[in-house]
Amino acid sequence: MSQDPLLSIQDVTVEYTTQGKRFAAISGVTFDIAEGETLGLVGESGCGKSTTGRAIIQLPRPTRGTVQFEGTELTTLPYDQMRQIRQRLQIIFQDPVSSLNPRRKVKDIVAEPLVIAGISDKAEREGRVREVLTAVGMDPDITMERRPHQFSGGQCQRICIARALIMEPKLIVCDEPVSALDVSVQAQILNLLEDMKERYGLTLLFISHDLAVVKNISDRVAVMYLGKFCELASSLRIYEAPAHPYTAGLMATIPTIEAGAQLETAALSGEIPSPLNPPSGCRFRTRCPIAQDKCASDEPQFREIETGHFVACHFPLTGGTA
Amino acid sequence: MADNSTSLRLWRQIPFFKREEAAVSDRIKDERRLGWVFWAAFSYIMALILLTISTNFLPYKDPAFQDYGFINSGLSAKYWFGGDALGRDIFSRVIHGAGISFSVAFTSPFIGMAIGLLMGMSAGYFRGRVDTVVSIIVDSILAFPNIVLAIAVLFFAGPTLPNLILVIAFYTIPQFTRIARANTLLYAQREFVMAARAQGASHLRILIRELLPNVIIPLAAFSLLVMSFTIILEGTLSFLGVGIPPPTPTWGRMISEGVEELVENAWIAFVPSIFMFLTILSLNLMGDRLRQFTDVKASNA
Amino acid sequence: MNYFKAKILHLVPVFFLVTFASFMMLNLLPGDLVDAILLDEESSVPSAADRAALEKELNLDKPVIIRYFIWLGNMFQGDLGRSYINTQPVTEALALRIPVSLELMIMAQILAIGIAVPLGLISGYKAGQPIDRGISAGAFAVLAVPLFIMGTVLIWIFAIWWPILPSSGHTDFAKDAWGNIQGFILPALTIGLIEVPVLMRVLRTDLISTLQEDYIALAKSKGMSTRYILFNHALRPSSFTFITILGLQLGNLITGSIVVETLFSIPGVGKLLIDAVDARDEILVQGVITFVALVYVGVNLLVDLMYAVLDPRVAARGA
Ligand SMILES: Nc1ncnc2c1ncn2[C@@H]1O[C@H](COP(=O)(O)OP(=O)(O)O)[C@@H](O)[C@H]1O
Ligand code: SF4
Ligand SMILES: [Mg+2]
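Residue numbers (the working numbering), protein chains in the order written: chain R, 1 to 322; chain B, 323 to 623; chain U, 624 to 942.
Simulated from the structure, these hints should not be mistaken for lab results. Watch out, some of these pointers could steer you wrong.
To be verified - Now the in silico label distances, taken between C-beta atoms and shown as ranges:
| no. | chain 1 | residue 1 | chain 2 | residue 2 | range |
| --- | --- | --- | --- | --- | --- |
| 1 | U | 851 | R | 179 | 50 to 58 Å |
| 2 | U | 725 | B | 356 | 40 to 48 Å |
| 3 | U | 695 | R | 280 | 58 to 66 Å |
| 4 | U | 701 | B | 379 | 57 to 65 Å |
Please read all numbers here as calculations on a predicted model, not as lab measurements. Each residue gets a CB set at the ideal place from its N, CA and C atoms; glycine is no exception.
From just these sequences and the hints, can you work out the full model?
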């Protein structure tokens, strides 16, 4: 990439402690996001997508690795300076209902980032709340004085988006923003995100466990398995010619009428190993249909097999062999 | 960590607050309304509070005045509930006695609630070491059987109203701490707390703006049950003669004096007993109902 | 095993806290400690000899911490000081009273269980039906009755209105066993009745969940009688439930015996405490309170340990 990326993640590892055991929820994650881009992040539930998204906003801070945002290193930034940056770095969660405090009015929820940023003029705050609520398609007159439980899931997600937008951030981490919504509402929210992206000049990290959802919205797509990146390529390439057997397996789960689909669905059966005790070598080998001896002994490196197409596999399906 | 043993201890301390029974759901009620029983209880308590306040400006008989013509007299137009063994007006003494009960019931639980909120919310939000320290403090409070410490403090430091209020407040801390902690743990996992952190809110702001409004609701409902616990404890101390000393009339002391006259003039003990029973019953009914009510709301949200 | 260690280690700070608080109580007394102890309304100014003796006994010339450890050392040798009213050693007074309180508490528990088990059984078996609702409402009402009101009402019913039991006094068991037991019935019933709602609910809940088990349905389908099922299958009160109850009741039993011994004039530890308070016998009050607090801490620890022995999950979670 010629230009400096907006966000640059290098070798990030996040460790958690569960039942007295320490384990890496994600390890050695490396990627960039260019300004104005939408990067999709896909993987089965529990593979570390949310952890990756939260590592970006430093909640919690990664155990190892670096996170650079607009040229600033975040992992070592003092708390009060981090607070300044947070205005430009927002997050939207999967469960819109749980994301809104049931005891507060929408008006106060959406204005909260302004208050935290120290904007004390009440009229100014109210004006900006109205503006952003209108932008996400909610009528401010009806919405502002109500509490979250009076709205549907889709409406709540709109309010969450309004709250994320009010400080006019550069980057928004969208952590499965439509997974909890009805299918009919999903498309509306995805369209809204696209519109907002254009209007506010946003950069998005779009997380989903569903390749189909990511497909249209993303410029590039990254695929994760058990805390590690498997593949990263432009949206077009990854759907046309997936190089990693896991990506290919995920692809097969997208409903199609093609005959070949069924064969490969079988490839993704089997249990996901515990992240507390991942397999040696390639982490996917216990479920990989083409695994060989080498896969158990050597860990495949995350390498570029064609321009802008990265894969962590000894025997990629396209773009050359090991 | 000290989670289970702490809550077990707390339940042990307050056995009359029954545990929720997950297995049983035979109580299907109208969940949206408080019901007439609640309002009856509420009316009784309000009436008693108004009567108590009215002692400040209405000309009740002096609760300490001894009218020798009315010693152990029965009900009459002059002495509505009769006179006691010293010829004092039982009605006036019951109303004045309610004042002591209420002045403890309306202060102790709130002191305990404030401290319990502070400790429970800190423990539930920061967890780890803070949680350990809080659980040690709570365990230490529970290490004394409540009545014994209350007797000790009132005996050695003096049977004054402030001492009484403080020592009873001390005993309400563990219950409030436990509920505040459990609810904070519950709400701290909600994504709106993560969202507030992502916006750069400080811990203090999260605790006050995001968590407190949620945590205080179940605590407020619970405080009614604590009020009834408070009234029982105050009454017990007065009955034992270690509470507020005469001439201030208290229900507990009236009952203990009435026991002396039980053979001939049982009503002297029974009048304050009935008032006390109805007060505790009303507070329990209201607290129980409000707790169900707030539980339902919390699970709907 | 870690759990046990942790629990017992936990006892160390609690022990020091409780004993130190008990020790420091004397210092809460307003004014000069010696004067406060020796002065009571009737007697005149204490003699210099009395003062000197007490000062020596309380080691008032030494710093507080040293005094505390001396006091603690004496306590371990069974010396909690002596009463300044009748010069009886505190431990001797306690030794005379403990059996009386124990008998009261045991009888109270027996009566409580005797009443609660049948009520809990009916209530659980007929859950949701009118009889269960009636029992539950009754239990709710009893929860609103303070001990001393319960005692007063029982005295009025069984000693005055229908005089079949004594309302006060205590007879030595060795001299008149029946009289002794009779004297304990009303006081024990007072405490017992207060416990019933809690016991009953625990049992009812247990029973309801047991009755939902498959083997009960099997027994029913085999045509076994209700009574047989209830007593041979459903009512198998686990020792865990029993220990839970024991733990639940401890604080109540202590409060209960203090109130009831005072109301019924029974010479137990509770009466000793209240009499000492009335007589302003500071050393005796301090001694009794220390004793009761230590028993309370000890029994609580025992209950916690028994929990863990009976249900290993407690130990696993708590470690
Ligand atoms: N706060 C936490 N403490 C301990 N383990 C966690 C925590 N958050 C997530 N995990 C674990 O880390 C792994 C990755 O979780 P997550 O990033 O939420 O996955 P995803 O979002 O892809 O479903 C999972 O095994 C999860 O159980
Ligand atoms: S490295 Fe081996 S096991 Fe892993 S995905 Fe590639 S072929 Fe499968
Ligand atoms: Mg997730």
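Outcome of the hint check:
| no. | hint | result |
| --- | --- | --- |
| 1 | 851(U) to 179(R): 50 to 58 Å | 54 Å, holds |
| 2 | 725(U) to 356(B): 40 to 48 Å | 46 Å, holds |
| 3 | 695(U) to 280(R): 58 to 66 Å | 60 Å, holds |
| 4 | 701(U) to 379(B): 57 to 65 Å | 59 Å, holds |
Violation of the numbered hints given earlier is absent; every hint is satisfied by the structure.
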